[in-house]
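Undergrad: Quick mapping for you: the protein sequence lines, in order, are chains P and E.
Taking my numbering, the leading residue of the first sequence gets 108, the next gets one more, and so forth.
Taking my numbering, the leading residue of the second sequence gets 5, the next gets one more, and so forth.
There could be a bad hint or two in this list.
[Unchecked claim] Using 27 angstroms as the maximum straight-line C-alpha spacing, the simulated DSS-like pairs for lysine-lysine come out as follows:
1. P:821 - P:555
2. E:72 - P:201
3. P:564 - E:85
4. P:415 - P:555
5. P:201 - E:85
6. E:72 - P:564
7. P:350 - P:370
8. P:428 - P:589
9. P:676 - P:821
10. E:13 - P:313
11. P:324 - E:91
12. E:13 - P:324
Hints were generated in silico from the structure; no laboratory data involved.
Chain by chain, the residues:
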Amino acid sequence: MTHMPKINRRSFIINVAAAGAGLTLGIKLPFATDGARAADVIRAADGSPEIDAWVVIRPDDTVVIRVARSEMGQGTMTGLAQLVAEELGCDWSKVTTEFPTPGQNVARKRVWGDFSTGGSHGIRDSHEYVRKGGAAARIMLIQAAAAAWNVPAAECTAANSVITHKASNRTVTFGKVAEAAAKLDPPKDIPLKDPKDWTIAGKPLKRLDTPDKIVGKTVFGIDTRMPGMLYAAISACPVFGGKLQSYDEASIQDMKGVKKVVKVGNNAVAVVADSWWRAKKALEAMTIAWDNGENAKVSSATIANFLKDGLEAEQAFVGNKAGDAKGALAGAAKVIEATYSYPYQNHAPLEPMNATALYKPDRCEVWCSTQNGEAALAATSEASGLPVAQCDVHKTFLGGGFGRRGQTDFVRQAVAIAKELPGTPVKLLWSREEDMTHCFYHPITQCKMTAGFDANKNLIALHMRVSGQSILATVFPGRMDKDGRDPVVFQGLNPGGPEGAFGYDIPNLLIDHAMRNPSVPAGFWRGVNTNHNAIYVETFMDQLAHEIGEDPLAFRLKYLKPKHAAVLKAVADKAGYGTPAPQGVYRGLAQIMGFGSYVAACAEVSVKDGQVKIHRIVGGTNSGHAANPELIARQVEGSFVYGLSAMMYGACTVRGGHIEQRNFDTYQVMRIDEMPKVEAIVMPDGEFWGGVGEPTIAVAAPAVLNAIAAATGKRIRNFPLKDNDLSAA
Amino acid sequence: MVALSVNGKSYNVDVESDTPLLWVLRDTIGLTGTKYGCGIAQCGACTVHIDGVATRSCQVPVGTVGAKNITTIEALAQDGKLHAVQKAWLDLDVPQCGYCQSGMIMAAVSLLKQNPKPTDADIDAAMTNICRCGTYQRIRAAIHTAANA
Numbered sequence: 108m109t110h111m112p113k114i115n116r117r118s119f120i121i122n123v124a125a126a127g128a129g130l131t132l133g134i135k136l137p138f139a140t141d142g143a144r145a146a147d148v149i150r151a152a153d154g155s156p157e158i159d160a161w162v163v164i165r166p167d168d169t170v171v172i173r174v175a176r177s178e179m180g181q182g183t184m185t186g187l188a189q190l191v192a193e194e195l196g197c198d199w200s201k202v203t204t205e206f207p208t209p210g211q212n213v214a215r216k217r218v219w220g221d222f223s224t225g226g227s228h229g230i231r232d233s234h235e236y237v238r239k240g241g242a243a244a245r246i247m248l249i250q251a252a253a254a255a256w257n258v259p260a261a262e263c264t265a266a267n268s269v270i271t272h273k274a275s276n277r278t279v280t281f282g283k284v285a286e287a288a289a290k291l292d293p294p295k296d297i298p299l300k301d302p303k304d305w306t307i308a309g310k311p312l313k314r315l316d317t318p319d320k321i322v323g324k325t326v327f328g329i330d331t332r333m334p335g336m337l338y339a340a341i342s343a344c345p346v347f348g349g350k351l352q353s354y355d356e357a358s359i360q361d362m363k364g365v366k367k368v369v370k371v372g373n374n375a376v377a378v379v380a381d382s383w384w385r386a387k388k389a390l391e392a393m394t395i396a397w398d399n400g401e402n403a404k405v406s407s408a409t410i411a412n413f414l415k416d417g418l419e420a421e422q423a424f425v426g427n428k429a430g431d432a433k434g435a436l437a438g439a440a441k442v443i444e445a446t447y448s449y450p451y452q453n454h455a456p457l458e459p460m461n462a463t464a465l466y467k468p469d470r471c472e473v474w475c476s477t478q479n480g481e482a483a484l485a486a487t488s489e490a491s492g493l494p495v496a497q498c499d500v501h502k503t504f505l506g507g508g509f510g511r512r513g514q515t516d517f518v519r520q521a522v523a524i525a526k527e528l529p530g531t532p533v534k535l536l537w538s539r540e541e542d543m544t545h546c547f548y549h550p551i552t553q554c555k556m557t558a559g560f561d562a563n564k565n566l567i568a569l570h571m572r573v574s575g576q577s578i579l580a581t582v583f584p585g586r587m588d589k590d591g592r593d594p595v596v597f598q599g600l601n602p603g604g605p606e607g608a609f610g611y612d613i614p615n616l617l618i619d620h621a622m623r624n625p626s627v628p629a630g631f632w633r634g635v636n637t638n639h640n641a642i643y644v645e646t647f648m649d650q651l652a653h654e655i656g657e658d659p660l661a662f663r664l665k666y667l668k669p670k671h672a673a674v675l676k677a678v679a680d681k682a683g684y685g686t687p688a689p690q691g692v693y694r695g696l697a698q699i700m701g702f703g704s705y706v707a708a709c710a711e712v713s714v715k716d717g718q719v720k721i722h723r724i725v726g727g728t729n730s731g732h733a734a735n736p737e738l739i740a741r742q743v744e745g746s747f748v749y750g751l752s753a754m755m756y757g758a759c760t761v762r763g764g765h766i767e768q769r770n771f772d773t774y775q776v777m778r779i780d781e782m783p784k785v786e787a788i789v790m791p792d793g794e795f796w797g798g799v800g801e802p803t804i805a806v807a808a809p810a811v812l813n814a815i816a817a818a819t820g821k822r823i824r825n826f827p828l829k830d831n832d833l834s835a836a
Numbered sequence: 005m006v007a008l009s010v011n012g013k014s015y016n017v018d019v020e021s022d023t024p025l026l027w028v029l030r031d032t033i034g035l036t037g038t039k040y041g042c043g044i045a046q047c048g049a050c051t052v053h054i055d056g057v058a059t060r061s062c063q064v065p066v067g068t069v070g071a072k073n074i075t076t077i078e079a080l081a082q083d084g085k086l087h088a089v090q091k092a093w094l095d096l097d098v099p100q101c102g103y104c105q106s107g108m109i110m111a112a113v114s115l116l117k118q119n120p121k122p123t124d125a126d127i128d129a130a131m132t133n134i135c136r137c138g139t140y141q142r143i144r145a146a147i148h149t150a151a152n153a
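Based on the sequences and whatever the hints tell you, model everything.
TA: Next comes the structure, spelled out in structure tokens:
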């Protein structure tokens with residue numbers, strides 16, 4: 108842990124941050140330095156000097172690299188450290204990392220920029236300022252060595268944690284000059300290396316977090332332990348929007364280990380005990396009455412009807428438009444239609460939601476797995492009633508995030524409970540059942556696709572109408588546009604731009620969205636809106652090719668933009684598309700642009716007695732740059748498992764206003780026996796910086812669905828797959 | 005009080021005898037490498053060895069363990085030397101978030117003990133733990149690597 112009592116004089120990095128992620132996210136960053144003297148060296152807890160905010164160097168040459176983003180398995184911690192280490196010119200074997208706290212970030216004028224880790228932004232938004240953090244430290248270390256040798260800094264070089272002055276044949280390690288370097292003013296001009304010259308970044312280096320993860324040493328939020336800590340189990344109203352009516356505290360007061368019963372907000376009650384098991388048993392034994400309210404009438408059927416109405420509604424938000432789609436469809440020689448539906452899904456990270464809070468009248472601290480440290484800090488401040496400066500959040504490793512841990516509901520609850528027990532740390536842990544039934548679910552949507560061909564089989568018109576839920580309306584209503592619309596619903600469907608442009612050039616195009624927000628809260632779920640958007644577009648394009656008797660690859664390539672087409676061709680080539688597949692095996696394709704990257708997949712599937720077997724998927728991604736291609740290959744593999752679990756099994760259904768699935772017995776996910784062979788093509792073209800954690804998730808499902816259609820002739824349009832019968836096909 | 009032998013050490017723990025072994029390991033003894041994922045023996049994150057056999061500790065009342073030896077992920081490496089399975093996991097950089105990996109490794113060690121050269125089908129049958137990050141491909145490869153080590 109570091110302590111940084113003074114505001115950093117080196118707020119130069121803020122300027123860097125402002126030029127990078129900060130401004131694009133609309134975050135106001137301070138520019139001015141506070142005029143502190145250069146001699147104010149900032150020290151880590153062990154006394155080692157900070158060269159700049161990103162780099163601490165210990166006397167034994169250990170390099171501590173600060174990582175602001177959360178590590179939830181995606182490998183960002185290693186990738187970001189590689190970028191800093193590359194510019195620093197250090198010995199990679201001497202690198203270790205630490206997470207600064209959000210409270211330190213606020214106290215130091217957000218010197219580390221954004222902590223939020225979602226939307227596949229971790230590396231693509233911060234690569235420039237973290238590299239500058241490494242480069243500035245290298246310049247200062249060289250300057251310190253040159254001054255000691257009394258030679259020009261320009262004659263010295265740094266590599267492998269050693270500074271060399273060739274002319275005089277002298278060398279010194281970083282650790283020896285760190286103290287002197289830390290006293291220097293930071294450079295104003297910080298040139299960066301050409302990625303072509305990288306030796307650490309861009310290389311398939313091993314993850315820094317593996318050694319601890321294979322011996323059980325990694326501390327996740329759930330593993331937080333503190334002296335005198337108590338444990339809390341919680342139950343919130345199962346019906347969304349419902350309230351806590353009453354609970355029979357007296358009935359459990361004498362149960363062993365029970366310390367306190369706490370009403371949490373207006374919809375939940377928690378039992379605090381000396382072990383979590385005792386807290387959970389007591390909570391289950393306590394009679395609780397809920398005021399379910401109006402939403403108790405909501406069911407999957409009522410939601411489906413509500414959304415269906417949006418498929419034909421006059422009012423809709425136009426996201427992408429070219430020509431006159433409705434007019435062209437009216438005059439088309441051939442019109443093809445299809446309607447789809449996509450259900451609610453839980454992220455189900457394997458570590459259930461939890462947070463440990465310690466409240467004192469003048470300070471409140473939280474330890475938790477969070478994708479958004481600063482939001483967790485704000486939640487801590489609000490729930491404790493203390494100013495931000497008197498709060499902090501200690502980020503642990505995350506046992507999965509997938510978007511769920513960008514929310515802070517569990518942090519607020521933990522602080523509210525701890526506030527009733529001042530001075531005592533309390534660990535709040537949700538049961539899996541609580542986690543399954545109180546999520547911010549993958550949004551539910553329906554879609555109607557309508558395509559028109561002219562007499563020469565040219566695709567002249569496409570109307571895509573999505574009806575369904577807005578994530579922003581639930582979690583960030585302030586980010587809706589001025590007319591109350593949610594532009595994020597068009598992920599992968601946008602007319603252009605760096606984030607998610609629609610790949611097909613169709614002369615008459617209309618993509619619009621009729622917002623229908625049921626009572627079930629929606630949230631960001633790995634892949635977000637590209638998941639259903641890719642299924643709708645890519646399975647429909649595949650159907651169109653078949654209906655006009657064209658090959659699905661050749662058909663797509665007639666309309667696809669070059670970067671979209673390139674990655675699709677790459678996966679088709681590697682998969683052997685166009686050559687005979689093994690007996691009984693059929694291929695399917697899909698592509699999309701999402702989170703700034705171009706991705707595609709080619710799946711090989713067989714169907715026997717109604718059972719689908721996915722043999723192999725080739726996945727391709729052009730993320731522009733690759734901080735570590737092996738990390739990207741893992742994200743391709745893992746995202747396919749996540750996407751295919753969702754497509755095959757993922758559905759949270761609603762009855763009586765609550766979610767019916769309560770654990771992994773009814774909310775199935777893929778296991779190893781269903782894992783196809785995944786081959787990843789990492790093909791960065793060097794022209795941009797795209798995300799990698801999410802984009803490929805969206806192509807797994809449509810590629811498999813198209814292969815199933817090739818095998819059986821049956822088009823699955825209502826999900827999950829398990830609810831469809833393929834036995835007759 | 006319940007008497008237990010965990011990782012070669014004896015413990016007397018003050019818990020109800022129906023408390024699941026998982027919570028005694030994590031909260032009473034402080035061995036947090038063993039994880040809670042579902043509490044109904046679906047996910048396998050809580051897998052430990054009881055007399056060498058992979059067992060889902062969330063479904064084992066502590067009072068039923070008796071004198072049997074419990075081994076957790078923390079004691080798999082011996083004398084600072086990683087178990088062959090851990091070594092394979094390290095060489096192939098298997099984990100992503102890592103939360104399920106203690107259970108996965110314990111399950112894999114138990115599998116290899118019973119079946120030193122498992123086929124893919126053997127692995128499919130034995131490795132029923134859940135990984136939400138989707139590391140299955142590398143888990144399979146690492147088991148084969150460990151089997152050939």
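Undergrad: Now tell me, hint by hint, if it's right for this structure.
TA: Each hint, compared with the structure:
Distance restraint check for residue 821 of chain P and residue 555 of chain P: the Cα-Cα separation of roughly 18 angstroms lies within the 27 angstroms cut-off, and the hinted pair is therefore satisfied. Between residue 72 of chain E and residue 201 of chain P, the direct Cα distance comes to roughly 42 angstroms. Violation of the 27 angstroms bound is thereby established for this hinted pair. A threshold of 27 angstroms between alpha carbons decides the hint, and for residue 564 of chain P with residue 85 of chain E the separation of about 66 angstroms lies outside it, so the pair is violated. Taking the CA atoms of residue 415 of chain P and residue 555 of chain P, the gap is about 10 angstroms. The hint holds against a cut of 27 angstroms.
For the given pair, residue 201 of chain P sits about 21 angstroms from residue 85 of chain E by alpha-carbon distance, which is consistent with the 27 angstroms threshold. The straight-line distance between the Cα atoms of residue 72 of chain E and residue 564 of chain P is roughly 73 angstroms, outside the 27 angstroms bound, and the hint therefore fails. Note on residue 350 of chain P and residue 370 of chain P: the hinted pairing holds, with a Cα-Cα distance of about 11 angstroms set against a maximum of 27 angstroms. Between residue 428 of chain P and residue 589 of chain P, the direct Cα distance comes to roughly 20 angstroms. Compliance with the 27 angstroms bound is thereby established for this hinted pair.
Our distance criterion of 27 angstroms between C-alpha atoms is met by residue 676 of chain P and residue 821 of chain P, whose separation comes to about 25 angstroms. Taking the CA atoms of residue 13 of chain E and residue 313 of chain P, the gap is near 34 angstroms; set against the 27 angstroms cutoff, the hint is violated. For the proposed pair residue 324 of chain P and residue 91 of chain E, the alpha carbon gap of about 15 angstroms is at most 27 angstroms, so the pair holds. Note on residue 13 of chain E and residue 324 of chain P: the hinted pairing holds, with a Cα-Cα distance of about 19 angstroms set against a maximum of 27 angstroms.
Checked against the numbered hints given earlier, this structure breaks hints 2, 3, 6 and 10; the rest are met.
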